[in-house]
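> These protein sequence lines map, in sequence, to chains L and E.
Each residue of the first sequence is one higher than the one before, starting from 5 at the first, in our numbering.
Each residue of the second sequence is one higher than the one before, starting from 27 at the first, in our numbering.
Rather than coming from a laboratory, the hints here were simulated on the basis of the structure.
A portion of the hints provided could be inaccurate.
Some chain L residues judged to face chain E by a derived CB distance under 7 Å, without partners named [what the hints assert, rightly or not]:
{"#": "1", "residue": "A152"}
{"#": "2", "residue": "A163"}
{"#": "3", "residue": "V167"}
{"#": "4", "residue": "A168"}
{"#": "5", "residue": "L178"}
{"#": "6", "residue": "G186"}
{"#": "7", "residue": "D441"}
Pulled from the structure, derived: some chain E residues nowhere near chain L, Cβ distances all over 10 Å [stated by the list, open to error]:
{"#": "8", "residue": "M27"}
{"#": "9", "residue": "V34"}
{"#": "10", "residue": "A64"}
{"#": "11", "residue": "A65"}
{"#": "12", "residue": "Q79"}
Here the structure is a predicted model, which means the values were calculated and not measured.
From the three backbone atoms N, C-alpha and C, an ideal C-beta is built for every residue, glycine too.
So the chains spell out like this:
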Amino acid sequence: MNGLVLAPVLVPLVAAALGLVAWRHPDLQRYVAIGGAAMLLVVGIGLLVVVERDGIQTLQLGDWPAPFGITMVADLFAAILVVLAGVLAVAVVLYSTATIDAGRERYAYYPLMMVLLAGVCGTFLTGDLFNLYVWFEVLLIASFVLLALGGERAQLEGALKYVALNLVASAVLLVTIGLVYGLTGTVNLADLSGRLDQLEPDGLVAAVAAMLLIAFGIKAALVPLFFWLPASYHTPPVAVAAIFSGLLTKVGIYALVRVFTLLFADEAAEFQPLLLTVAALTMIIGVIGAVAQHEMRRLLSFHIISQIGYLVMGLALFTVNAMAGLIYFLVHVALAKSTLFLVAGAVKQLTGSFELAKTGGLWVLKPGLAVLFGIAAMSLAGIPPFSGFLAKLALIEAGLEIDHVLIVLIALGVSLLTLYSMLKIWNAAFWKPLPTDLEPFADGAAAVTPERVARTRLALMVVAPIVFLVACSVTLAVAAGPVFELAEAAAVQLMEPAGYVEAVLGESS
Amino acid sequence: MTLLLAIVVGVLFASAVYLMLRRSVLKLALGLSLLANAANLVIFVAAGLTRGQPPLVPEGSTTPPPDAADPLPQAMVLTAIVISFAVLAFTLTLMHRVYQEGGSDDVDDLSEADIQ
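Here chain L stands alone, though its shape is the one from the complex (with noise of 0.2 Å):
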């Protein structure tokens, strides 16, 4: 037995229940959540330094020996995210703090969050496929929850769209799962990895390794399937729209490289081709979109879809490095693309708009929020010396190395246009002067002024959470050497599932 597998979703699952009990009390719930957030970092540190240490880790449930019983596994990969996810929740749980409205807070937006984010390391941690499709659930119905609360036109129109291509998704997930356990007769990931090399190559493994690349890459978001969410993301408040652009989806892009490597190693030379170009067409599409666009988090939006693309590279790339790289991007991208929201929420405080024409004058009135927007977007874009830069050498010389010529240059290409339409938001909402010809506000508030803008002060904590994150995206930049040697082994733990498969099944024969 082996608890701290178990204590990532205990944690936030605990706090949920505990914000729950105190459902009179938003206070209480803040605190409690706040707590929670702050032990799933610390057990999420604690889970990785083990995994480094004495390797992967799993837990039988209920001590039924794999493949009976459900198993809970945390490699290092695994661990990562974990942290990943803490390190987020920390900074939106107290970014919501002092933006989420009373409302909200009175209708569980607290243990709501809990439970999203227990749904999230969940899906990180099983070593189940149909627990995966249970944990992924869990998550799905707490963020429908998160994105229809408050119950704004716009929410609940964006909310539906979601609602209803993601039960696509999870229909096409357990469909699959049905037709594995018709296959091979047992869904543990372990079990299955060797099940599925023996089976004869009739085209029925392609198919369901198809099938789940369609309902994993509806949750991420890959192009063509990635409709949901430029209609839905933009529509929550910032602190919601941070934590799913920052976790969401890459539990996608995390179920399709768990899923790939351990599963259909053997077919991912296939699916090489095919890889690629929706890597291509994800990073092109979402960027161009998100160029397209004039207001703040609807271009944030369609940059989570871009960036998506660069993860879906290293996927196809298939090799040691490109999986280093790959963990790497999703770590930095994460943190930079939470951060972008969370400043824009901050601008939006400041001017009233999220609306670049209405926007201006911050990087005279408020330069210190100028020089983290800076850095996060310029991160995002690639320019050295941050983690963005870091992030896009290791996938591009990983693309060299095995002659992907193509994807390199396209992705080069769209560092470009992602650096322009940062630039966009740059010289939008700072570098210019504030407009004078402001309207006033629909509600009737009188139009900002610089005078007004310079005299808001932001709360505490709406600053510290950015500066918090904008430290953790500086550090990966600065600790690159050690963090890059973490992101190998993690890795090589991936491209080599023996291990994996030894540490599930090993102890019980």
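Given chain L's structure and the hints, the job is docking chain E onto it.
Just chain E now, kept in the frame of chain L:
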């Protein structure tokens, strides 16, 4: 029996997709519920159908008879039914709220949050 159920699954999927492609929000809900049922039936059929052989361990033995039905897919289907029931309940509530706010059940009218 497997063939018959396979055809049923196919019809369910076809009906679900047809309903989901209609513009009415209510038909979307019906389509989603049919889709969930079709998926459950797939698990059931793909895992193999056994008639009249409950997986009970006879007295004096430690293993069930070799031709007994496999209980695991039933457990999975049961879990999936509970999940899809909960999700569908949420979806219907959401759709009702969308109708209240937007005043329409036509998906084409619900374009406030769309890609512009």
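> Are the hints correct? Go through all of them and say.
Here's how the hints hold up against the structure:
Annotation: A152/L was flagged as interfacial toward chain E, and the flag holds, the nearest CB pair being 6 Å apart, inside 7 Å. Here the hint on A163/L is kept, as its CB sits about 6 Å from the closest CB of chain E, short of 7 Å. For V167/L, the interface hint holds, since its Cβ comes within 7 Å of a Cβ in chain E; the closest pair sits about 6 Å apart. At a threshold of 7 Å, the smallest CB-CB gap from A168/L to chain E is about 6 Å, leaving the interface hint in force.
The beta carbon of L178/L is positioned within 7 Å of a beta carbon in chain E (closest approach about 4 Å), and the interface hint is therefore held. Interface hint status for G186/L: upheld, as the beta-carbon distance to the closest one in chain E is roughly 3 Å, under 7 Å. The beta carbon of D441/L comes no nearer than 23 Å to any beta carbon in chain E, farther than 7 Å, and the hint placing it at the interface is violated. Annotated as non-interface, M27/E keeps its C-beta farther than 10 Å from every C-beta of chain L; the closest such distance is 15 Å.
Residue placement check: V34/E keeps its beta carbon more than 10 Å from all beta carbons of chain L (closest about 14 Å). With a minimum CB-CB distance of about 7 Å to chain L, A64/E fails to clear the 10 Å threshold, and the non-interface call is violated. Once the 10 Å rule is applied to beta carbons, A65/E is inconsistent with being away from chain L; the minimum gap is 4 Å. Look at Q79/E: its CB is around 17 Å from the nearest CB on chain L, clear of 10 Å, so calling it non-interface holds up.
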